[in-house]
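Student: Please build the complete structure, drawing on both the sequences and the hints.
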Amino acid sequence: MSQVRVRFAPSPTGFFHIGSARTALFNWLYARHTGGVFILRIEDTDKERNSEAFLNLIYESLNWLGLNWDEGPKVGPSGGGDFGPYRQSERGAIYQDYIGKLLASGRAYEKDGAIWFKLLGERYKIFDEHRKKEVEKVKIAPVVIEDQIRGRVERLEDEDFVIVRSDGNPVFHLVNVIDDIAMEVTHIIRGEDHLSNTSKHVLLYEGFGVKPPAFAHIPLILKSPEMGQGKMSKRDKGALIEEYQKRYFLPEALVNYLALLGWNAGDDREKMPIAEIVKLFDLPGVNQSNAKFDGKKLANMNMTYLLEQPADRFVALARAHFAAEKNSAVASAPEDYFREVMLLSQPKIKSIDELGVYSGYFFSDNFPIDAKVREKVLAKGDPKARLAELIAWIEGANLPTDAIIEEGIKTLAAKGGLGFGDYQAVARLALSGTNVGPSITGMIRVLGRDRVQTRLKNFLAGLA
RNA sequence: GUCCCCAUCGUCUAGCCCGGUUAGGACACCACCCUUUCACGGUGAGAACCGGGGUUCGAAUCCCCGUGGGGACGCCA
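Letter 202 of the first sequence, counting from 1, is numbered 202 in my numbering, and no numbers are missing.
One thing to keep in mind: the hints can contain errors.
[Claimed, not checked] If you anchor each label on the Cβ, the simulated ranges turn out as follows:
(1) E48 x E354: 38 to 44 Å
(2) K292 x G417: 32 to 38 Å
(3) K246 x D193: 24 to 30 Å
(4) L307 x A275: 37 to 43 Å
(5) A320 x T411: 30 to 36 Å
(6) I94 x E270: 41 to 47 Å
(7) R123 x K234: 38 to 44 Å
(8) I94 x E48: 19 to 25 Å
(9) G209 x R49: 29 to 35 Å
(10) D97 x D193: 27 to 33 Å
(11) R235 x I94: 33 to 39 Å
(12) G230 x E354: 51 to 57 Å
Bear in mind the hints are in silico, worked out from the structure with no lab data behind them. Don't be surprised by glycine CBs; every beta carbon is placed ideally from N, CA and C.
Tutor: Shown next as structure tokens:
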């Protein structure tokens, strides 16, 4: 069997969103699964709405997601190929060639300055109620689409349609089909919103005397119930890939989540390495029904990946995040200290961008105190006495490990017939201003004696 | 309005093709356990076959009709 060739064909007219990423992913997965070729083709024929910024965003997002292309515009290690150019704006001559063929064979004709594709069949005129005008219809047999995911779909086409606008620019249907023929694409994997275009495309293939490739229309990604109705759009919260990149989500977590939207391993497994997904992915396994986007499940997936990250990568991601935030307090912190703080926080967060709020107090003595927590903690026991004892204790205490710190506080507590918990809450409040965070022993160890003592003293002073 | 696609817990889904399950898992939610806060983790609970007809001894599973959801109906892509 000949090699599978699939393509992802975005147009640089808007932000790169979840739906596009999922379509790209499914194409990429199928190429990798079959040992085929993944082509990136840029459909930039809409001069009005194109922009270089959006084009770069496509490259950047695909790279970030790890969806490298074998053929396409040359960007970094991806791209190149023998079927270029891969930007439609540079393929004008090829289109002219194909249009010439259609004109010569009588399958296309000029009218009103535009070029129309001609349906072959009995013609009749009818008044279209919906469009309020008389239109010419053509009787042809229903177009049959053999879809790898949906099975056999029939659609009726009954009008000639424009393939080249009166301004000379060929329309999407035409260039799409020409490129897929010229690039020898074997499988067209795209969103279900294109299913109703496909009958036109099949007709065009026939017009060129070419057997259509296999079609696979994948389900759409819909808004989650809280976002409303309909398909996910660029304006919806969480729709943009850029957003996850900026929040330092792990791309492999996003890819894993996206793979699960409309596909599954056939068993209960969800979290899987990409190699495993590549191995198992196949077109017949793709679902037919649309899926609603669930940001919470994505966040959970990201957390499970975050938890198992090696320390070096986690710290590097955190470093990049804070650098992007231009957080000067963090930037000036010693590398070792930064690392310790991050590793203390790693098991506690759902995404990297929570680190700022979660660990800010490690880098500045001027941290906010949660008023509600303060009230609650101070209402219990004798916090002033506990703080005073801790201050006295820490003066001569050894703080090298969590275990030793824990032992120290327990010993201190035992003297007064108290428990560890009697010190934990107030110390945490004084040290971090809140009641959530890493273990108090870890917090004390990483902050170090000087900071701990200063903060405890300052806080106690503030109570007088 | 016309055409096309789809239909299992709130959400993602397994089961459907090749009818017989206490309809399974995950996220979310709730409770409990663990615990040094918050998480993680563990245990448990609640939660679904859209409706109606067929076919059949038997239907989530096969067929039809409704209903609902989605998409497409541009000289946009």
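Student: Has the hinted range 33 to 39 Å been met by the Cβ atoms of R235 and I94?
Tutor: Given range 33 to 39 Å: holds, Cβ gap about 35 Å.
Student: Does the Cβ pair K246, D193 satisfy 24 to 30 Å?
Tutor: Since K246 and D193 have Cβ atoms about 27 Å apart, the given range 24 to 30 Å holds.
Student: Take the C-beta atom of R123 and the C-beta atom of K234, compute their distance, and say whether it sits inside 38 to 44 Å.
Tutor: holds, 41 Å
Student: That 51 to 57 Å hint for G230 and E354 (C-beta), does it hold up?
Tutor: Since G230 and E354 have Cβ atoms about 30 Å apart, the given range 51 to 57 Å is violated.
Student: Check the following: the C-beta atoms of D97 and D193 are separated by a distance inside 27 to 33 Å.
Tutor: holds, 29 Å
Student: Taking the Cβ atom of I94 and the Cβ atom of E270, is their distance within the range 41 to 47 Å?
Tutor: Once the Cβ atoms are compared, 44 Å apart, the range 41 to 47 Å for E270 and I94 holds.
Student: If I claimed the Cβ atoms of G209 and R49 lie 29 to 35 Å apart, would that claim hold in this structure?
Tutor: Given range 29 to 35 Å: holds, Cβ gap about 33 Å.
Student: Does the Cβ-Cβ separation between E48 and E354 fall within 38 to 44 Å?
Tutor: Holds: the Cβ-Cβ distance is about 40 Å, inside 38 to 44 Å.
Student: Given a hint of 19 to 25 Å, does the C-beta separation of I94 and E48 actually sit inside it?
Tutor: holds, 22 Å
Student: Can you tell me whether the CB distance of K292 to G417 sits inside 32 to 38 Å?
Tutor: For G417 against K292, whose Cβ atoms are near 56 Å apart, the range 32 to 38 Å is violated.
Student: Should the hint that L307 and A275 are 37 to 43 Å apart at their CB atoms be regarded as holding?
Tutor: With Cβ atoms ~20 Å apart, the hint is violated.
Student: Holds or violated: 30 to 36 Å for the Cβ distance of A320 and T411?
Tutor: Check failed, 42 Å falls outside 30 to 36 Å.
Violated hints, listed in ascending order, are 2, 4, 5, 12; each of the other numbered hints is respected by the structure.
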